[in-house]
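J.: So the chains spell out like this:
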Amino acid sequence: MPLLSLFERLVIPLAAWLAVAAYTGSQLDPAGRAEGSLLGVLIASIVAAIAAIGSRTPGSRTSPELAATALLATAVVWIAYQGPSRGAVVSLILGLGLGVSTVRALFDNRGRWRVEDRLDPGISVPLAFGYQCLMRCDLLLPPLLEARTLVSLLVLPMLAGGSISVLASRFGTRRAVLAGGLVVVLAPGWTLTSTFALTALAAGTLVTDGAKPSALRWIAIAGLVLLPLWNLPKGLLLLLAALAVTGQAFAPMPLLTVAAALVAIMSPQLQSPMVALRTWAGAVLLVPAAIMAPAAGRWQMRLGAILALAAALVSSYSEAMAAGVALAALGTPIRGAVATLQRAWCATLVIGTALISAYPWVRQEPRQDLLELLGWHTEAIALLVVVTAVVGLGLLLELGRRFEPRWTPQPGVVAGLLLAIALLLSQGNLRFTLRQGIAPTEVLVNSYGPIALDATTDTWQVTVSESSGSEPPIVALAVDSHLTRSGQLIPGSAVATVELLGDGDQVLAGWPLRTGQETGEWSSARDDVVAPPHWMTRVASEGTFFARSYRAHFETTRPMPVSRLRIRRAEDLPPETALSIVRLEIRR
Amino acid sequence: MTSPHRVRTLVEAVAAMLTAWVLRGCLGVEDPFRDTFWILPLVVAALRAIERHTEIRRAPQRNQWLATLTLGGWILLTIFRQRLGLVATDWFLAAGFLLLLFQRVATLLIGLRPSLGRELPRRPPLAFFFLPLVVYLAIQPWSSAHRQPDGDEPYYLLVAHSLAYDLDVDLSNNYDADWQHFMTRRIEPQPGDPVGTDGEIYSRHGFLLPLVLAPAYRLAGLKGAMWIMAALTAALAWMVLRLAYRYMPGSPSAALLAYGIVGFSPPLLLYSYQIWVEVPAALLLSLALDRLLDLRQIDQPRPSQLAALAGPTLLLPILKMRFGLLVAPLLLLAVWRSRGRNLTLGWLGGALAVLAASLMAFNALRFGNPLRIYSWSELDLLQYSVMDFARGGLGMFYDCAFGLFPNAPIWFLLLPACGLLIRRRAPLLIDSLMICGPYVLLIAPRIEWFGGWAPPFRYPLVFLPLLAVALIPILDQRWRPGVRTLAMALAALTLVLTVVWVVIPGWTYNFADGRTHLLDQAGNRLGADIARFFPSTVRPRPATWWWIATSVLAIPVGMRLDARRRLTGNQPATTWGVAALILLLPTLMFANRTLPTRVVHFEDAFVFRPRGIVYPPPWVLQRPTFTGAWTLPAGRWLAAPVTAGGERVTIRLFALPEAQQPVHLWIGAGEHQLAKLDLQTAVAEQPSNAKQQSGTAQQEWPSTTLGPIEWPSGEPLVIRTLEGSLSLDRAELTWQ
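Residue numbers (the numbering used here), protein chains in the order written: chain A, 761 to 1348; chain B, 8 to 743.
Next up, chain A with everything else stripped away, as it sits in the complex (with noise of 0.2 Å):
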C-alpha cells in the first residue's frame, strides 16, 4: 500500500533530523549551530521528498536512494567542520539523491519513460517540492511558521507539480515535466509568479477538457478570471497563455493581437528594449528547439517565444516569462535530435541551475553562473549572436525542408552545427573558466584562519619567497574577503590594495579591493543591505540570514621576482569598518 509505504519511509527522513539536531545542539559555535539547524531542516525535507517519490515509484520495493542519501548526508554533517564545504557536500549529495529519484520515478529499467501521458500526482508534487527546498533554501532558515514561508514551501510546490500533472494529460509527460524544468530554472525555484504561469497553463488545459469534472473546470476559468486582479500585465499575459492552449476555440493571431494591444497600453511603463532584448534572450536560450520545431507545434512555441517577450517588455524578472517559456516547451517535438538536445540541455539547466542556487553558493542569478562556468556571458551582444545562430540555423532548416520536403536534416549534423556554436561562442571563456578551476599552487589563508583588518590592524604581509625571483612566477591570485560595518561606504570605494612585494618595500604590482565590486558587506543578504553578487555564503551566527563573501581574482601581467605579498587597509576608512580575509590563494 503506498501510504503505508510512505509511513514507513518517512521514519529515514525523521532519524536523519534528529540525527543531524543532536550533533547540531551540542556545538559551541553559534554559526555552527545555525548552519546545522539549516542542514538539518534541508536534509529531512529532501529525504521526505525523496520518500514520497519512491513510495509512488512502481516497482520500487526499497529505494537505495532514499537511505544512502540519508544516510550520507546525515554522516558529512557529523565528520566535516563546519562551514560552506560542508554545505556544498551536503547539497551536492541531496541534489544526486533528488535526481536519481526523478529519473527512477519517471523511467523505467529500459530507459524508457514509466507513462507517456499521465504523471502522479504524487510524483509531481513531491519532486516540486524537493527542488523548491534545494534552490530556494533561504525558506528553511527562521522563521519557518511563517505565512509566507509556508506558502513558498508548501503550497506553491503543490500548485506547481499539479500543474505538471494536469498539463502531462494533455500534452504528455515529456513535454509537461519539460515546461516545469525550464520553468523552475528562470526563477529560480517555485515564485509566484512562476507558479501562477503554469497554474495558468493548466487551467486552460482543464476548462476545455470533457473528462473533467465540471466543478473542477469552473474552478479553472474562475481563477483565469481572477488572474489581471493579482497584477495586470502579468495577469493579463497569463491568461493569454492559458487560452492558447484551451484549443481551436482561440487561434493564434487574435491572441497576438491581444498582447500587441497591450505591451501597447503599457508602453510608458516598459523596460528599455535592450534590457527586455537580454532578458527575452535568456529565456529563448532555454528552449532552442523552439526555433528548430517541426511542423507539430509550431505555433505553440512562437507564440511562447512571443508572449516571453511581451513579458520580459513588461517586466525585468526573468520569472514573469515563464508562461512563454512552459508554452513554448509544451510545444516541442518528442522524438528526434532536437528533441533528445532539448531535454539534455534542460537537464543540464536544472541540475547545474539547482547546484548553484543551492547552499552554500546561493547565486541570485544561478542560470547566468551556470552559462558564465560553461564559458558562456550572459551579456546582450553574445546572447543575441546565439540567439541569431540558432533562430538562423532553424529559419535554414525550415527553407531546406520548404524546397525538399523530403529532406530531413541529420541528427548528428543538427547538433555538431549546435555544438560548434557553443563552441565557438564559448571558446575563451572557458578557456578562462579551466584555467580558474585548476587548483592554486598554495593557499596563504584558509577559512580556519581568516585575517581581520580594521582600525588596529590595517598591513597584513606574508612572505612568498624566501629569495626574491628564486621559485615560478606567480601568475594569478585570488582573494575572497567581506566587509564588516561598511553601509555608509560608495560603492566603488577603495578598502585596500593587495601588493605584491619585490625586495625591500618594492612594489611590483597592486590591485585595489573595492566595495561592491571585489568584495561587499558580509551581511548583504540582508533586504536593508544592497551588494554585488557574492561567491559564498554561510549561515550567520544569528540563524536568520546568509552572511556573504566575495572573490576578486586577479592575474600578473609579466612573470615578476616577488618576495611578498601584502595586504593594505584604505587609510580613509571609516574605523569602524573592519575588511575580512578568509581566503587568499596563489597560482605558480
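It is worth saying that the hints were derived from the structure and are not from the lab. Check each hint, because a few of them may be wrong.
As the list claims (entries may be wrong) - Distance windows between CB atoms, simulated: (1) B/Ala-20 with A/Leu-905: 51 to 61 Å; (2) B/Glu-195 with A/Val-1235: 40 to 50 Å; (3) B/Gly-79 with A/Gln-1277: 41 to 51 Å; (4) B/Val-621 with A/Thr-1304: 54 to 64 Å.
Everything numeric in this text was worked out from a predicted model, so none of it was measured. Every residue gets a Cβ at the ideal spot worked out from N, C-alpha and C, and that includes glycine.
The hints should help you fit chain B onto chain A, whose structure is shown.
T.: Chain B only, in chain A's frame:
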C-alpha cells in the same frame, strides 16, 4: 572469448588510455586526483571487459545511464571544484569516486550470479579474481598518495630492494639511502634485527615475501610491489569461493554475498594496498586447506596432488615463523580426514620436521637463535592468566582500534552464523577450530596481540577466508526480516566506515591506548567522551562487556524471533535498518548527556589541553603496559567535560609530580574552585616508579581523594598547576 569482443576490448583500452591522458592534463601537477584520473578510464574499461567476457546478467539500462552520467558529472565536479569554491573537499570527491566504484561492483556482482549456477562450480570463473584486482588497483593511487609505507612495510620493501639490486638479504648497505626509493622518512634497523657473524644486518622478517615482490619491484618500484600485493589479495578473495565450494556448494547466492563481504570490505580491502605477510599467509593456508579437502575424496593421490598440499604448507613457516603454528594442525586435520593415507601424510610430516629442523639450525648458525627473534618461553601458555587470553581473544573481534567488528560491523553476522554452524555441527566449524586454535591460543595472551603498528585484525587475518565461508549459513537466511534488517544496517555502517578508512588511510593505524582516530575526532568535535561507549580490551571499560554480552545474546535471539516470517511485498527492511542506524547517533548523544562520567582519562582527545604532552610518547614499545597520562607543565591547565550524576561528587585523582618537586594544584568545576591541593605532600610516600609496570593496563598510580564536594551542573572539571608540573593519569568520579 569471441573476436568481436576482443576487438572491442582492445579499442576500449586504447580509448581509455587516451581519455586518461586528457583527464590528467586537466589537473594541475600537484593535484591529488592526478593519478586517480590516470587510472580511472582504465578501471572503467577493465570493468566493461569483465562484463563483456563473462556470463553476466546486465544491469537495467536506466541504471547504467545514471551511473555513467553520475561518473561524468563527478569528473567535471573534480576538475571545476576550485571554480565552484569547493575547498577542503578532496576527501568528499574521493569518497564519491569510491562509492561509484562500489556501486558498479555491486551491479557486477549481482550480474555475475548466473555464472555460479545452482551449485558452486569447482573452479569459480576468473571474473571473481579480476574484479577485486581491478578494485584494489583503482584505490591504490589515492591510498599511496596519502600514506607512506608504515609498520613492517618499509622493511619488507628494503629487503625486496636488496634482493632486486644486490641479490642478497644483507641490509647493511641499504639503510643509508635506499629507503628513499619508496618513502621520504628514514628508517633504521628494528630492535632485535639479527646481526650476522661478519656484521651483516638482516631483517627480523622473513625473505619469502620480499623475494616474491623483488621482480616487480625491480621493474616498477613501490608501485610494482603493490600490484603484486593486490594480485595476491585478489587471489585470496577468489579462494573464498573455492573454499565455499568445498564446504557449502549448495548456497551459491550466499557464497557470492560472502565473497563480496570479504573481498570489498575491511579488513582485506585495507590490506590490498599494503605489504604484510598476512595476506600471502592466508592465501597459502587457503590453498593448503583446499588441497587437503580435495585429497579427502581421493583414494590414491598422485604425487603432484600431494605436492600441491605440501607446497603451501611448507611455505607457511618460511613466510613467517609464526605461521608454523598452522602447519601441525593442518597435518593433523589431514590425517583425521583422510581415508587411511597415513603413510603418505607421514612422509609429509617427516618433510615438515626436516624443514623445521633445518630452519632452526640455519637460524642458530646465522643469528645465534634457533627461533630467530622469538624465545621458547613464549610457548609457555601457563604463564598467562585467563584475562590475558580473554583480552587478546575478544580484542581481536571487539576492540575498537584493532578488532574486526568495530572496523567492519557487517562481520557481526558471524555471531548468529556460528550459532547455526554449532547447531548443524558443520565440518567447517571443527576444521576452523582445529586450524585456528593453537595459533590463537599463542597469539591472544601476548602483550601485542593486535599486531603492533598495523591495520586492524592483523594476526587473525590469516583465517579470514574461513570466517567468510562461515557467514554463508546466515546469509542463506537473508529472506527473514530480522536478518535482512540487521544485515542492511550493518552493511550501511560498514559502507560508511569503509569509505572513511580508504579515503583517510592513516586512520586505520591506531595506538594501543584504548582510543581510535575516529573516536578522537568525534570526542574532540562533540566535546564529549564518546570513546567510553565503545569497546576496548586494551583499556577495558564497561562498554566492552556490554557490547560483548549484547551482541552474543541479543543478535541471535532477535533473529530467532522472526524465524517463521518471510519477507514479502513492500516490507522495507532496508528502510528500518538504515533508520535504526541513523538513530544510533542521537542515541549516542542522549547517552552521553544522561550517563554520568565515572572516569576521565586526561590524555583523551575530548579533554581540552592547550599545553602539555602525552605520556608515554606515542611510539613507545609495548604500549599496552602503560596507562596513558598527560603531563601538565607549571602554570597550565586543562578542562574535561563531565556529565554529572548527582549534586555531590568524590574525585579520586591519580597523578604523579615530575622530578620530586612541590606541586600545587587548583581543582575546580569551570570557574568554581573546588579545592587546592599540595600534591607533593599527598603522594610523598607513594612509589616513584609507578608510571610503568608490566602486566595489565590498570597500574597503581598514586592517588588523592577529594570530597564529597558540591558539583555545579554543566561545568567541566578544570585542573590548573599553580606550581610545579605533574603527570595526570585519570580522575575517578563517584556521584551522590
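J.: Against this structure, judge whether each hint is valid.
T.: For each hint, the structure was consulted:
no., hint, result
1, B/Ala-20 with A/Leu-905: 51 to 61 Å, "59 Å, holds"
2, B/Glu-195 with A/Val-1235: 40 to 50 Å, "43 Å, holds"
3, B/Gly-79 with A/Gln-1277: 41 to 51 Å, "36 Å, violated"
4, B/Val-621 with A/Thr-1304: 54 to 64 Å, "43 Å, violated"
Violated hints, in rising order: 3 and 4; the structure is consistent with all others.
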